[in-house]
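Peer 1: Sequences are here, hints too, so could you generate the full structure?
In order, the protein sequences belong to chains A and B. No gaps in the numbering here: position 269 of the first sequence is 269 in the working numbering, and each next residue is one more. No gaps in the numbering here: position 16 of the second sequence is 16 in the working numbering, and each next residue is one more.
It should be emphasised that the hints constitute simulated quantities derived from the structure, not laboratory data. Don't take each hint at face value.
Identical chains share a label here; the pair holds if one copy fits it or two copies do between them.
Listed below are the simulated DMTMM-like cross-link pairs for lysine to aspartate or glutamate, each with C-alpha atoms no more than 25 Å apart in a straight line [said to hold, decoys possible]:
(1) K390 to D302
(2) K99 to E200
(3) K332 to D96
(4) K390 to E73
(5) K406 to E200
(6) K134 to E153
(7) K38 to E73
(8) K38 to E109
Number of protein chains: 2
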Amino acid sequence: MSNQKTSSAVLVESPLQTYRFAHRMSRIGVSAVREILKVTERPEIISFAGGLPAPELFPIEALAEGHATVFRESGSAALQYSTTEGWLPLREWIADRLKNRRSINTSAEQILITSGSQQGIDLVAKTFLEAGDKVLVENPCYLAALQAFSAYEADFVAVDSDDHGMCVEQVEAAIQREQPKLIYIVADFHNPKGTTLSLERRQQLIDISRRYHIPIVEDNPYGALRYRGERMPVLASLDEEGLVIYLSTFSKTLSPGMRIGWIAAAKEIIQMLVVAKQATDLHTNTVAQRAAAKTLETFDYDAHLARLCEVYGERCLTMIDAIGRHFPEETKWTRPEGGLFLWVELPEGLSGAELLPVALEERVAFVPGAPFFAANPKPNFIRLNFSNSKPERIEEGIARLGRVIKAHIR
Amino acid sequence: MSNQKTSSAVLVESPLQTYRFAHRMSRIGVSAVREILKVTERPEIISFAGGLPAPELFPIEALAEGHATVFRESGSAALQYSTTEGWLPLREWIADRLKNRRSINTSAEQILITSGSQQGIDLVAKTFLEAGDKVLVENPCYLAALQAFSAYEADFVAVDSDDHGMCVEQVEAAIQREQPKLIYIVADFHNPKGTTLSLERRQQLIDISRRYHIPIVEDNPYGALRYRGERMPVLASLDEEGLVIYLSTFSKTLSPGMRIGWIAAAKEIIQMLVVAKQATDLHTNTVAQRAAAKTLETFDYDAHLARLCEVYGERCLTMIDAIGRHFPEETKWTRPEGGLFLWVELPEGLSGAELLPVALEERVAFVPGAPFFAANPKPNFIRLNFSNSKPERIEEGIARLGRVIKAHIR
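Peer 2: Structure below.
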């Protein structure tokens, strides 16, 4: 088993034999986050490690009723094979919402339903990337995006980020030097950093994309979860050239377990993504798609989002406040306006990875930051999730973590 | 739109611009079957084109109740993120069944839940294949498997097949000549042919796999649907070296729309497939997995399979009998013992593709055989599905098709 965990292991030797796996498998690696999550499932541990929404806020009854109605009204159609593009009424609902709430110039035929936003990344990678092609990313970057792109043997062009997101002023030189095929970005409430790309940088990035004709993959799973500050236009709404491929999902708002995400993009791109999805898994679960669409006919989605924002916003502030009181002075941290995470820079010399086992002994968990770096990993960062813990647990967990950090400085 | 349909189109020019898609996209191509299915949805057409199970046999109430129970008993867990491997009770049910009914030496930790059997093929391809690696297949072959492997830029080594499945006596020479990385086979009730691999050939193939150390991907979506003849051991049950990767699904027995399939393989292979799936779509819909497991706790699955076999067996015989009466004497066809399809060789000089528009005018549809060939496509074959039409519709549809064929011979 341990051979699987070294990132260079492609040949796996078992007592019986050796399997010849593809080279790409050595690039993906086992997710450090995933391995950590297994440990943190013990109930006595206060975990800031996962990226989980709060299960007590899932609209269980509405979704149960949505499923029941689908079985009652159209059971045999819902259980049958369906189109790769996805359930049309759901695509129409999504297109309407993107038009009305996000000012994206789109329509149902420009929407592909995916098995979560993660599959959106996979399909874009499959459709665009040759081995050795480069993807421009912010550093640090959403870990599972790095893994999805790595599965197609992409290389990364990493540009820095600061409190206002990707340092877009570095992008043009990076493009000239490295000629990336795609730009990947989480502009709203970044994972792992929690930062938001400034309006000026959004306009600059769209301008660069247009001038160099490089598609932008705008991954926006958290966009509906803004707790403070002014809403920014999504990159897709600024794009007039069909160069932004917009990914989103119900995972953070309705349910991650249902695995329903979507891609909104130019028709030509959607048509190619449909071909890729057909070869990958034919289509996304039809019962779930129809149940989501049916639920949204009567469920007050906006009131639900407002409730999520109220609860998560409080948890976010609680964590920011507790960090200020419990962490040593030399610590820095982001102050997210939305999303699920904040990002902590520990005092120089500390290592998130080395701190984790000690923290687990103190019954508090987090994710070390190093695996999120596409280049030049720094050991003294950690990612903290606030959506999945109630305020009193956040206060207690941050106090524990503060003691662990302080004990290590001395 | 039309550029998407030529198999060499990678550069797609839109009015606004050109996108640079990956070369692999030109290999996948748009499924001819899928394009045909769009036409055949008109109710006046008797369609033998799709591979659809009979919707009137879906256990709608049992599955509705399974879903309702999951929401009632464990809604918040079912709606949350879950493990990539899949819902443990479902993996245990599958492992038990593979042990008891298929004599496969397996356990829950050797099972990975996939989004349909199609994703099983995709993940195996992702895990094993470099660009230019070769996959040994029977000719003709399941079309969407060719597409899934092509997405990883695999090449094919095509060996012939006859009424007893893959001509295994050709395999050893093909391996020595071409050194394929994998062998892909549908041994039970082949798609498109409906044939079953003989016992002797199964043993020979396992022996060859062992001696040359080449994994076999045994794709078995139809295995539970045997209507006549003696049950054959699956290849996975004959394998003692961890070299058979066994794929199956609930798509043909419970519901294709739910997208639940599985892979049973050696632990080392499953661990690598889990890494690949994590980067691809994190995990399969948890509500659906739990609902399937919950349903199977009380639903009489064996009685359901017996009923499917009774109905489909009758439809299969009806079609065989009708072909004998309505098709011209020079026609040949397979006589499947199970599955969903039979395969018709039209008289020399006829072309399934050319016949299709005429057949559609006569309100009957089928799939031309040529796209199923991995090499040397032959025009004078067609695939007929019998599971999705009632006997009287089969009789009428085959009569219509017989008239179309006869008119073309003269």
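Peer 1: What are the numbers of the hints the structure violates, in ascending order?
Peer 2: Those not satisfied are hints 3 and 5.
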